[in-house]
Amino acid sequence: MPAVAETLDVVQSATDAGYKWGFSTDIEMDLAPKGLNEDIIRLISERKEEPAWMLAWRLKAYAKWLQMEEPDWSSVKHPPIDYQALHYYAAPKKKAGPKSLDEVDPELLRMYEKLGIPLKERAILAGVEIPEGERPPVAIDAVFDSVSVATTFRDTLAKSGVIFCPISEAVREHPELVKQYLGSVIPAGDNYFAALNSAVFTDGSFVFIPKGVRCPMELSTYFRINAQNTGQFERTLIIAEAGAYVSYLEGCTAPQRDENQLHAAVVELVLMDDATIKYSTVQNWYPGDAEGRGGIYNFVTKRAACRGARSKVSWTQVETGSAITWKYPSCILLGDESVGEFNSVAVTTNYQQADTGTKMIHIGRNTRSTIVSKGISAGRSNNTYRGQVKVMPKAHGARNHTQCDSLLIGDQCGAHTVPYIESRNPTAKLEHEATTSKIADDQLFYCRQRGLSAEDAVGLIVNGFCKEVLKELPMEFAVEAQKLLAVSLEGSVG
Amino acid sequence: MLEIKGLCAGIEEKEILRGIDLVVPQGEVHAIMGPNGSGKSTLSYVLAGREGYEVTAGTATFEGHDLLDMEPEQRAAAGLFLAFQYPVELPGVGNANFLRTALNSIRRARGEPELDAVAFLKMARLEIKRLAMADDMLKRNVNVGFSGGEKKRNEVLQMAILRPKLAILDETDSGLDIDALKIVADGVNASRGPDFSALVITHYQRLLDYIVPDRVHVLSAGRIIRSGGPELAHELEAHGYAGVVNEAA
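Those protein sequences? They're chains A and B, same order as listed. Numbering follows this note's numbering, in which position 31 of the first sequence is assigned residue number 31; successive positions increment by one, without gaps. Numbering follows this note's numbering, in which position 142 of the second sequence is assigned residue number 636; successive positions increment by one, without gaps.
Only chain A is shown next, with the shape it has when bound in the complex (with noise of 0.2 Å):
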């Protein structure tokens, strides 16, 4: 049987086993009624203690969307979502907001534990030297379905004056910097799951590095949806002052449950002069079965605005989850000399869908941008980019330099590009190019015949395929996405 014939098979064998995650976690939770009106939103912020501006916030923008329609340009297909029917708070019951390690609940220690994420602090605090090859410490914030239930290394920050903490805590602890900041990317009404996240957010991180800081260590959330029939509604918002740097990173899964769940997040990234901000997503979030039941609905609304001259954004990400992603990490480069990356792997299997891209809006002078996108598909899947480059009028000297490639495993799977290039400026430059490959029967019968099983085969080429952005990535974190590609890709190949 030929190697793709065969590989089909497999793709149709693999089923959840290969996601590792997919476990539950068995705690006693504080859940909001299901359904979504001006009442459940009073109720999230009564439990998250906030300030009555926040409040009129939140249900300024439900009234938005109450008004607005949900979005049918891309190329997603899914039942309608009844809004209704989904939890919009969910928190381990007693011991809300943020606190220190030690009374966090044992059982959501274990999780952490079992899914990999370190929180702990304690070698590190006590002045015990890392011992060579491990990993460098990473200050994390984990959330668990609508709190976060522990950030680390928040004090070793605080010295360098940067805050990192859960942003409902932000509103508390900070309010001028997120009634400032907060929507002035992303306007409540910018689109139908803004809207939506503006109204009913739980939580998210927060990050503020001040002018002229290196933000001493890498900064991480890491998002997990656990109950049942719940919406996760992530917020998160960072702000770089002039001359300031962060490498930030997010990683999410969820168990393996029967129906669809809906994960609508916003994020936002301010940059001010000369600032750099590496925002780093290794995006795992249950993808449904080998049958296409369950998985996260992923709806995402990411920007940066480069409001600084010289600034820097750079959005990496590795998107092998979610049933469907639905997501455009942009830049709005307005300082002059500002620049924008996008380096972008997605992989669809079985049924998941991905419509993923990017937007580039050049507004100043001689202001940069480069997208890289790798997509691979396999099985019955289907994999989009959809990008946006936008030259305005005044944006002079602006260039562009787009590459898309597709890898396709299998012939049921489709790849798509749908570039949309717009400029308003003649002195422009704006290149685009894409590629479509297959995984060759001979590239698989090289490897094969040198030892390695058909699937090392598949997760060595797809590796080499994505090394441009894989390199974007953190060490550790490339290490992780590496393995994370093979196997997602597991059992697609026979």
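The set of hints was computed from the structure by calculation and includes no laboratory data. Among these hints, one or two may not hold up.
To be verified - Below, simulated SDA-like cross-link-like pairs (lysine to any residue); rule was C-alpha separation at most 25 Å, straight line:
no., chain 1, residue 1, chain 2, residue 2
1, A, LYS467, B, ASP680
2, A, LYS467, B, GLY588
3, A, LYS467, B, PHE640
To be verified - Each pair of labels, with its calculated beta carbon distance range:
no., chain 1, residue 1, chain 2, residue 2, range
4, A, SER437, B, GLU507, 25 to 35 Å
5, A, SER437, B, ARG619, 48 to 58 Å
6, B, ILE672, A, ASN425, 56 to 66 Å
Stated by the list, open to error - Listing some non-contacts, in silico: residues in chain B with all C-beta distances to chain A over 12 Å:
no., residue
7, CYS502
8, ILE510
9, GLY552
10, THR553
11, ASP560
12, PRO566
13, ALA571
14, PHE592
15, SER641
16, ALA674
17, PRO688
Built from N, CA and C at the ideal position, the CB exists for glycine as well.
Chain B: place on chain A using the hints.
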């Protein structure tokens, strides 16, 4: 070591091998020569287990095991190596990573401990030195941007690192200049010994001046029509395939 009996095989219903009988004893190097279209590459693909080739009759055993029943990677783990006529490019995959993954897959299959990156690199660098190859060979992506000669040298390097019991060299000499040919031949000769057998498939006698075979077999229209000592290669060179084929017919 390798025993082939009455092997018939083809691709897409077209019969190419029409009853091959061949025995390669342990420690021997045999050459298979034949004109274009005689089935040389098909034989190497069938032995290595490439998809798409159908065996219709006959057997092939490797150290007593049924070779035809094994997956390609199982054959590799058993000690069979195919040096490709057209080595395949793997964009973005580093040669060192590829070779280490291959070596460790084979070691794992044999229940041997895997080599870590440091131990592997040390070993690989020694082999590169021994084969008089360029140091950057390990850093480059597998066969990407390699010249024809470099690709063939890379095959020999892989063979040296994976240390097979039986190497099949499928027209490894094609497209090589004389210097590259010597490097390839030296690589094979360096592996020769009581635990190494080889099946050298070639169109020309030239390679056999450097790799002197124990036996030479002439393949024509899917059958071995003559076998002999190394002198048979010279006879072929002198009289051409036509003479030998006619004589046999």
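Consistency of the hints with the structure:
1. At roughly 35 Å between alpha-carbon atoms, LYS467(A) and ASP680(B) are farther apart than 25 Å, so this suggested pair is violated.
2. Under the criterion of a C-alpha separation no larger than 25 Å, the hint pairing LYS467(A) with GLY588(B) is consistent with the structure, at around 10 Å.
3. The hinted pair formed by LYS467(A) and PHE640(B) meets the criterion: a straight-line CA distance of about 19 Å does not exceed 25 Å.
4. Range check, SER437(A) to GLU507(B): about 29 Å between beta-carbon atoms, so the 25 to 35 Å window is met.
5. Checking the proposed 48 to 58 Å range against SER437(A) and ARG619(B) shows it is violated: the Cβ atoms sit about 33 Å from each other.
6. Under the hint 56 to 66 Å, the C-beta atoms of ILE672(B) and ASN425(A), about 59 Å apart, fit the expected range.
7. Every beta carbon of chain A lies more than 12 Å from that of CYS502(B), the smallest distance being close to 20 Å; the non-interface claim holds.
8. Listed as outside the interface, ILE510(B) is consistent with that label: its C-beta sits roughly 17 Å from the nearest C-beta of chain A, beyond the 12 Å cut-off.
9. Separation of GLY552(B) from chain A is adequate, the least Cβ-Cβ distance of about 21 Å exceeding the 12 Å criterion.
10. Even its closest Cβ contact with chain A, about 21 Å, leaves THR553(B) beyond 12 Å, as expected for a residue assigned away from the interface.
11. A cut-off of 12 Å between C-beta atoms confirms that ASP560(B) is not in contact with chain A; the least separation is 18 Å.
12. The claim that PRO566(B) lies off the interface is violated: its Cβ sits roughly 4 Å from the closest Cβ of chain A, which falls inside the 12 Å cut-off.
13. Listed as a non-interface residue, ALA571(B) fails to keep its Cβ farther than 12 Å from every Cβ of chain A; the least gap is roughly 6 Å.
14. Non-interface call for PHE592(B) relative to chain A: violated, since the shortest CB-CB distance, roughly 7 Å, does not exceed 12 Å.
15. With a least beta-carbon separation of about 18 Å from chain A, SER641(B) lies farther than 12 Å from that chain, consistent with its non-interface assignment.
16. Against chain A, the non-interface label of ALA674(B) holds: every CB pair exceeds 12 Å, the least being about 20 Å.
17. Consistency note on PRO688(B): stated as away from chain A, and its beta-carbon is indeed over 12 Å from all of that chain's, at 23 Å minimum.
Checked against the numbered hints given earlier, the structure breaks hints 1, 5, 12, 13 and 14 and satisfies all the rest.
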